[in-house]
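Listed below, chain by chain, are the residues.
2 protein chains.
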Amino acid sequence: MARLTLTFLGTSAAAPTKARGLPAMVLQREGELVILDSGEGVQRQFASLGLGLNRETTILITHLHGDHVAGLPGLLWTMALAQRTRPLTLVAPAALKEWLDSTAKVLHLGLTFPLRFVSARRGRVLRLPAFDVLAERASHSIECFSYVIQEKTRPGVFYPERARRLGVPEGRLWSRLQKGRSATVEGRTVRPSEVTGPPRPGRRVGYSGDTRPSKALARFFRHCDLLVFDSTYTNADSAKAVEFKHSTSTEAAQLAERAGVRRLVLTHFSARYQSTSALVREARAVFPATIAARDGMEIEVDYPVS
Amino acid sequence: MARLTLTFLGTSAAAPTKARGLPAMVLQREGELVILDSGEGVQRQFASLGLGLNRETTILITHLHGDHVAGLPGLLWTMALAQRTRPLTLVAPAALKEWLDSTAKVLHLGLTFPLRFVSARRGRVLRLPAFDVLAERASHSIECFSYVIQEKTRPGVFYPERARRLGVPEGRLWSRLQKGRSATVEGRTVRPSEVTGPPRPGRRVGYSGDTRPSKALARFFRHCDLLVFDSTYTNADSAKAVEFKHSTSTEAAQLAERAGVRRLVLTHFSARYQSTSALVREARAVFPATIAARDGMEIEVDYPVS
Chain Y
4 MARLTLTFLG TSAAAPTKAR GLPAMVLQRE GELVILDSGE GVQRQFASLG LGLNRETTIL
64 ITHLHGDHVA GLPGLLWTMA LAQRTRPLTL VAPAALKEWL DSTAKVLHLG LTFPLRFVSA
124 RRGRVLRLPA FDVLAERASH SIECFSYVIQ EKTRPGVFYP ERARRLGVPE GRLWSRLQKG
184 RSATVEGRTV RPSEVTGPPR PGRRVGYSGD TRPSKALARF FRHCDLLVFD STYTNADSAK
244 AVEFKHSTST EAAQLAERAG VRRLVLTHFS ARYQSTSALV REARAVFPAT IAARDGMEIE
304 VDYPVS
Chain U
4 MARLTLTFLG TSAAAPTKAR GLPAMVLQRE GELVILDSGE GVQRQFASLG LGLNRETTIL
64 ITHLHGDHVA GLPGLLWTMA LAQRTRPLTL VAPAALKEWL DSTAKVLHLG LTFPLRFVSA
124 RRGRVLRLPA FDVLAERASH SIECFSYVIQ EKTRPGVFYP ERARRLGVPE GRLWSRLQKG
184 RSATVEGRTV RPSEVTGPPR PGRRVGYSGD TRPSKALARF FRHCDLLVFD STYTNADSAK
244 AVEFKHSTST EAAQLAERAG VRRLVLTHFS ARYQSTSALV REARAVFPAT IAARDGMEIE
304 VDYPVS
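As given, the protein sequences belong to chains Y and U, one line each in that order. Numbered according to my numbering, the first sequence spans residues 4 to 309. Numbered according to my numbering, the second sequence spans residues 4 to 309.
Hints are computed from structural coordinates only; laboratory data are not their basis. This one's a predicted model, so the numbers in the text were calculated from it and none came from an experiment. Fair warning: there could be bad hints in the mix.
Here are the computed lysine-lysine pairs in the PhoX-like style, where the Cα-Cα straight-line distance is at most 20 Å [as the list claims (entries may be wrong)]:
(1) U/Lys21 with Y/Lys21
(2) U/Lys182 with Y/Lys108
(3) U/Lys21 with Y/Lys100
(4) Y/Lys182 with Y/Lys218
(5) Y/Lys182 with Y/Lys155
(6) U/Lys155 with U/Lys108
(7) U/Lys218 with U/Lys182
(8) Y/Lys108 with U/Lys21
(9) Y/Lys100 with U/Lys100
From chain Y, some residues computed to sit far from chain U (all C-beta separations above 10 Å) [said to hold, decoys possible]:
(10) Thr20
(11) Asp70
(12) Ala98
(13) Trp102
(14) Ser105
(15) Gly126
(16) Pro172
(17) Thr187
(18) Ala242
(19) Arg275
(20) Arg297
(21) Pro307
Every beta carbon over 12 Å from chain Y, so not counted as near; a handful from chain U, in silico [claimed, not checked]:
(22) Arg47
(23) Ala50
(24) Leu75
(25) Tyr162
(26) Arg297
C-beta atoms are modelled at their ideal positions from N, C-alpha and C, and glycine is treated no differently.
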């Protein structure tokens with residue numbers, strides 16, 4: 004079963020602190036990377052975590068505030084220095100394209116690889132080999148998208164005794180059936196459904212970007228195995244959350260509860276808080292399976308026990 | 004006598020390493036800042052060194068390669084977040100203006116202060132309260148400027164016995180004469196030259212940016228008190244220095260020797276070197292007063308013994 008991990012590269016809001024860099028995360032599965040936001044410093048985190056610069060890579064940008072995208076030029080620059088050749092796909096609000104073109108020209112990025120730009124929109128924005136990428140509108144001061152990275156459905160559990168009963172010999176044909184393809188045994192077709200349980204849904208990872216909580220997002224993040232949500236403020240600063248269109252950690256927890264997610268990770272902490280303990284305490288009062296992100300933290304996304 | 008210090012914020016070439024960030028330095032004198040280049044991460048160094056975001060600030064950019072400028076959007080963004088109000092002057096090759104305009108618009112910088120853009124050119128590009136800023140063409144793969152920050156001339160040494168001999172009473176009039184202004188004593192004008200030595204030149208700090216050594220730069224950096232010079236490579240890699248239009252540390256030292264500078268600081272080290280000891284050793288064989296920059300290092304720029 005493929006390992007799926009999420010690593011936090013930056014967990015601060017708006018401005019970096021000594022301990023926290025600007026927003027960026029990377030989801031990894033069998034050598035494939037999905038980067039979520041690219042705050043300034045993302046390439047340095049790439050280097051210190053030893054993440055490859057020439058791997059299958061997709062970048063998803065939630066919105067065009069400087070703190071979420073200013074690390075893109077440096078990351079692209081360093082990929083070019085490393086002689087990256089694989090195409091890179093970038094999903095972002097449409098206006099980013101203009102800035103990327105200006106950046107590539109004025110800062111002499113000299114890209115060595117094709118850069119495919121996809122304008123973010125509601126719905127399924129991308130089909131990757133292992134994932135579908137879905138987007139929904141967040142509720143921020145400017146256009147902002149939330150993303151769900153949905154691992155593709157896996158074939159159901161394989162039952163060897165059923166295969167034996169139907170006379171399918173162990174080996175190549177079992178392997179076909181396990182992968183969800185039919186097999187022919189002595190002129191008769193055996194369908195995967197005869198020897199496996201129902202298809203099992205893949206894992207779902209959600210990321211809110213900067214947002215107020217909303218009904219649309221509670222629907223969008225339904226049954227995520229892991230949800231990473233804007234938790235800029237504590238309850239005491241909830242007026243600021245409303246003013247600047249962010250969420251409190253309590254609001255993040257309420258949304259996680261409503262969406263029926265399995266685990267919640269708080270991130271995007273205002274630099275005013277020395278510690279995240281109050282944010283976590285307030286969230287856990289609503290949704291116990293909550294932790295706070297910190298830079299460099301890696302989380303394994305597991306399957307629900309079936 | 005005003006303290007003049009140079010602090011290195013990033014000392015790597017092209018790509019950051021665990022120990023070194025991308026090129027940026029800041030010269031400080033009585034609360035005034037002159038930033039030289041703005042590689043990615045400059046705003047985070049600003050925060051960790053406690054440098055103010057609303058001080059008299061000038062930014063000098065040598066050239067438009069991504070590693071020297073990609074930290075600008077984040078720095079401007081964070082200055083705006085901090086509600087900076089003072090104007091900021093930015094000197095850079097002309098094309099940067101287009102990128103800054105695109106950046107301000109697309110990334111919603113929301114600047115709270117006037118940004119004055121000055122196109123870099125040879126000669127005196129700026130007169131600041133305490134400094135003149137001079138520029139010369141460097142010799143790199145794209146248009147690149149070297150800078151000299153020249154502290155304004157100070158009045159000469161004041162001789163109290165001469166003032167007394169001329170009947171100038173100690174106090175306000177001595178202070179006027181010390182500052183280089185005339186004083187009137189019982190109807191007679193006393194000129195500063197009667198009571199002080201010759202005017203003393205201010206301190207000179209030079210920064211090469213990315214460049215091959217050249218005769219023009221040896222002239223331009225003449226008698227600098229401190230010269231910071233491109234030292235990307237060792238002698239063993241001198242072919243790369245020629246190919247990519249950089250300098251070896253030996254070439255930096257030869258230029259320092261020819262220009263008659265007082266002290267040389269090597270910077271912009273290729274990530275291929277784990278240590279700078281070979282670079283320093285090779286340079287000192289030519290110019291003994293050489294050190295290697297490292298991130299966070301602060302150097303005091305003193306006056307020559309007169």
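Tested hints:
1. U/Lys21 with Y/Lys21: holds, 15 Å
2. U/Lys182 with Y/Lys108: Violated, at about 49 Å.
3. U/Lys21 with Y/Lys100: violated, 31 Å
4. Y/Lys182 with Y/Lys218: violated, 37 Å
5. Y/Lys182 with Y/Lys155: Between Y/Lys182 and Y/Lys155 the Cα gap is close to 13 Å, so the pair holds against 20 Å.
6. U/Lys155 with U/Lys108: Measuring from Cα to Cα gives roughly 37 Å; hence the hint is violated.
7. U/Lys218 with U/Lys182: It is violated: about 37 Å lies between the C-alpha atoms, which goes past 20 Å.
8. Y/Lys108 with U/Lys21: Not satisfied, since the Cα-Cα distance of roughly 28 Å exceeds 20 Å.
9. Y/Lys100 with U/Lys100: holds, 18 Å
10. Thr20: violated, 7 Å
11. Asp70: At about 7 Å from chain U, Y/Asp70 fails to clear the 10 Å cut-off, so the statement is violated.
12. Ala98: violated, 5 Å
13. Trp102: violated, 4 Å
14. Ser105: violated, 4 Å
15. Gly126: holds, 24 Å
16. Pro172: holds, 54 Å
17. Thr187: Correct as stated: the minimum Cβ-Cβ distance to chain U is 54 Å, above 10 Å.
18. Ala242: Given a closest Cβ separation of 18 Å, the condition holds.
19. Arg275: Per Cβ check, Y/Arg275 is outside 10 Å of chain U; nearest 12 Å; holds.
20. Arg297: holds, 16 Å
21. Pro307: At about 38 Å from chain U, Y/Pro307 clears the 10 Å cut-off, so the statement holds.
22. Arg47: Violated, because the least Cβ-Cβ distance between U/Arg47 and chain Y comes to about 5 Å, which does not exceed 12 Å.
23. Ala50: violated, 6 Å
24. Leu75: violated, 9 Å
25. Tyr162: holds, 50 Å
26. Arg297: Since the minimum Cβ distance to chain Y is about 16 Å, U/Arg297 lies beyond 12 Å and the statement holds.
In summary, the structure is inconsistent with hints 2, 3, 4, 6, 7, 8, 10, 11, 12, 13, 14, 22, 23, 24 from the numbered list given earlier, while agreeing with the others.
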